[in-house]
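All chains should be modelled from the sequences, with the hints used to inform the complete structure.
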Amino acid sequence: MTISTTDQRVLNDGRNDRLFRRSVSVAGIFVLVSLFLAAALMFKGGWDAFQTFGFRFLITEQWDPVQREFGALVPIYGTVVTSMIALLIAVPISFGIALFLTELSPNWLRTPVSSAIELLAGIPSIIYGMWGLFILVPFLGEHVFPWVDEHMGAWPFVGVLFQGPPLGVGMGTAGLVLAIMIIPFISSVMREVFLTVPAQLKESAYALGSTTFEVVWNIVVPYTRSATIGGIFLGLGRALGETMAVTFVLGNAHRLSFSLLEPGNSIAASIANEFTEADSPIYLSSLIALGFLLFVVTFIVLSIAKLMLRSLNKREGN
Amino acid sequence: MSAQSIYYKRKTIDYIAKTLAWLATAFGLFFLTWILWVTISKGFNAFGLHLFTQMTPPPGEESGGLLNALVGSLIMCLLAVLMAAPIGIAAGTYLAEYVNHSWIGETIRFVNDILLSAPSIVLGLFVYTLVVEPLGGFSGWAGAIALGFIVLPVVVRTTDEMIRLVPGQMREAALSLGIPQWKVNTQILYRAALPGILTGILLSLARISGETAPLLFTALNNQYWNTDLSKPMASMPAVIFQFAMSPFEYWNQLAWAGALIVTLFVLCISIFARIVLSRKKL
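Taken in order, these protein sequences are the chains called A and B. At position 302 of the first sequence the residue is numbered 302 (the working numbering), and the sequence of numbers has no breaks. To convert, count from 1 in the second sequence and add 318; that's the working numbering.
These are calculated hints, taken from the structure and not from any lab test. Computed from a predicted structure; not experimentally measured. Any given hint might turn out to be false.
List of simulated lysine to any residue pairs, SDA-like, C-alpha gap at most 25 angstroms [as the list claims (entries may be wrong)]:
| hint | chain 1 | residue 1 | chain 2 | residue 2 |
| --- | --- | --- | --- | --- |
| 1 | B | Lys336 | A | Ser188 |
| 2 | B | Lys501 | A | Val10 |
| 3 | B | Lys329 | A | Ser105 |
| 4 | A | Lys44 | B | Gly454 |
| 5 | B | Lys327 | A | Ser188 |
| 6 | A | Lys44 | B | Gly455 |
| 7 | A | Lys306 | B | Asn418 |
| 8 | B | Lys327 | A | Gly14 |
| 9 | B | Lys327 | A | Gly209 |
| 10 | B | Lys329 | A | Ala205 |
| 11 | A | Lys202 | B | Leu341 |
| 12 | B | Lys501 | A | Gly14 |
| 13 | B | Lys501 | B | Gln487 |
| 14 | B | Lys501 | B | Leu516 |
| 15 | A | Lys44 | B | Ser435 |
| 16 | B | Lys329 | B | Ala344 |
| 17 | A | Lys44 | A | Phe30 |
| 18 | B | Lys336 | A | Trp217 |
| 19 | A | Lys44 | B | Thr447 |
| 20 | B | Lys336 | A | Trp108 |
| 21 | B | Lys549 | B | Asn418 |
| 22 | B | Lys329 | A | Phe30 |
| 23 | A | Lys44 | B | Val449 |
| 24 | B | Lys501 | A | Phe30 |
Structure below.
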């Protein structure tokens, strides 16, 4: 029995539909699988180090390729401290920029300024690193660090943070560079969420005689709180994993020091600096273990960011 | 406190806050101009045709360019886009058209967003354990795959968003004419969403052309001319990193010239991408 051309077409179309659906679902599953594969492979790569050093890996500061003793305390501490400094600088600045762009800026200035700030996010991180190393480090070393050491180093309790040689490299410098790098991310999220506040709410407050600052502080900020925190966590995720810029200005020292003026290390910088020099399997495994830690931490931070930002999407009706 | 003084206090706080907001914006713009100015002025000093015609020099030599690094970067970036963009478009289609509101779609979107913001050095390590270790050596392929994993989430996200923006009437009109689903996807939705998808691909290209961290231990680096993807390959960011960290004056100059080339390339692509996207709205 022969089948008509129409039937043939229906058959063909059905087959093509199934084929298309199958290939796009394979691609979708590929995305899903690759993240878990990444986690699994890095856990496997770092297993040697986790097994050899156990919990000690996280709390000892010794990093000795010759004795083959590895503890990740210094890089972990450096990552946490530089990211915190970055947030301390970037959050208020980003808030100011978002405030400027949503409430203060004249209309003609709005687009140029916001595109310029976004341009900051487009500059490759290695450029930040070179600028940091060749321009910022000498400047800070000559003009800023000596002053900080002299004046703030004597403060009670916190003085220890500000003592040190005027090298210019160090955790303070890295924190500053990171701050500049994450400002565009945080400020663009803040600006976006500030714009979602219903005009009626703001206008009501203005009508009652509130000042601009009072409107922002008492209406806009509470209304957008969780999404704003989400944006900050997004920036934190960036800062934690940023590699090249930090590698240039951190000084790569495996010694624990509390001073922000002393060279330090971070997880990403250790991996970038030492990976190709790792001459023993346990050295390599320790570095991959560091990468796994970084992966887990950023996963958690980014998940929190996503959850916090969900309310924003709901409000926009997505 | 009298009503007058409360009023003045509120006014003062408002002025201070506004001034600080202006200053914060100035702070951001100040660093942008400073960084761009340094890159441009230092880069131009070392700029010249020799950058594009000569290989990277050995230590101490006073001549040489960046040709092998430029070509290496070009090959690996294009390859990364060629590998990752089709997978990304397909996955984005799957998200937007087949599992839009289901839990599996939400899970994939979540995972994709994590991949999008994951530190690039972690992706480099992942590709090291996935490709370099089993094959037993650094290679251009590994570098391209590492960059591909950075391209993938960007393309998935933009495709997903752009296809969802296509009005439902268009799908319904096409389906009611009896056009099979795969044809609706490839010939109607893709056509409507094309500028958006292209923008996503361009932006991902801009992002990977400056990426250093994932290349350090996948493609490594190569001082010599090499187009063989199974061997270590030079790339602009890796060469800039090596040359900038070195004590040799000439290497530093080359690093600045390279930084300028990469920055200009990235900025041009970003601007071009914006133009592509804005044309869609006309």
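Verification of the supplied hints:
Note on B:Lys336 and A:Ser188: the hinted pairing holds, with a Cα-Cα distance of about 19 angstroms set against a maximum of 25 angstroms. Distance hint between B:Lys501 and A:Val10 is fulfilled; the C-alpha atoms sit about 13 angstroms from each other, no more than 25 angstroms. For a cut-off of 25 angstroms, the pair hint linking B:Lys329 to A:Ser105 stands: about 19 angstroms separates their Cα positions. Under the criterion of a C-alpha separation no larger than 25 angstroms, the hint pairing A:Lys44 with B:Gly454 is consistent with the structure, at around 17 angstroms.
Between B:Lys327 and A:Ser188, the direct Cα distance comes to roughly 31 angstroms. Violation of the 25 angstroms bound is thereby established for this hinted pair. Only pairs whose Cα atoms come within 25 angstroms are accepted, and A:Lys44 paired with B:Gly455 is accepted, the gap being roughly 19 angstroms. Distance restraint check for A:Lys306 and B:Asn418: the Cα-Cα separation of roughly 18 angstroms lies within the 25 angstroms cut-off, and the hinted pair is therefore satisfied. Pair hint B:Lys327 plus A:Gly14 does not hold up; C-alpha atoms about 73 angstroms apart against a cutoff of 25 angstroms.
Between B:Lys327 and A:Gly209 the alpha-carbon distance is near 14 angstroms, which keeps this suggested pair within the 25 angstroms criterion. For a cut-off of 25 angstroms, the pair hint linking B:Lys329 to A:Ala205 stands: about 15 angstroms separates their Cα positions. With a C-alpha separation of about 24 angstroms, the suggested pair A:Lys202 and B:Leu341 falls inside the 25 angstroms cut-off, and the hint holds. A distance of roughly 11 angstroms separates the Cα atoms of B:Lys501 and A:Gly14; the hinted pair therefore holds under the 25 angstroms criterion.
For the suggested pair B:Lys501 and B:Gln487, the alpha carbons sit about 16 angstroms apart, so the restraint of at most 25 angstroms is met. The straight-line distance between the Cα atoms of B:Lys501 and B:Leu516 is roughly 20 angstroms, inside the 25 angstroms bound, and the hint therefore holds. The suggested pairing of A:Lys44 with B:Ser435 holds, with an alpha-carbon distance near 23 angstroms, which does not exceed 25 angstroms. Taken as a hint, the B:Lys329 and B:Ala344 pair is honoured in the structure, with Cα atoms around 23 angstroms apart against an allowance of 25 angstroms.
Simply put, A:Lys44 and A:Phe30 have alpha-carbon atoms about 20 angstroms apart, close enough for the 25 angstroms limit, and the pair holds. With a CA separation close to 12 angstroms, the supplied pair B:Lys336 and A:Trp217 stays within the 25 angstroms bound. Restraint check: the Cα-Cα separation between A:Lys44 and B:Thr447 comes to about 9 angstroms, which is no more than 25 angstroms; the hinted pair holds. Pair hint B:Lys336 plus A:Trp108 holds up; C-alpha atoms about 18 angstroms apart against a cutoff of 25 angstroms.
Between B:Lys549 and B:Asn418 the CA atoms are separated by roughly 42 angstroms; this puts the pair beyond 25 angstroms, and the hint is violated. Under the criterion of a C-alpha separation no larger than 25 angstroms, the hint pairing B:Lys329 with A:Phe30 is inconsistent with the structure, at around 57 angstroms. For the proposed pair A:Lys44 and B:Val449, the alpha carbon gap of about 14 angstroms is at most 25 angstroms, so the pair holds. Restraint check for B:Lys501 and A:Phe30: the C-alpha separation of about 23 angstroms stays at or below 25 angstroms, so the hint holds.
The structure is inconsistent with the numbered hints 5, 8, 21 and 22, although it conforms to all the rest.
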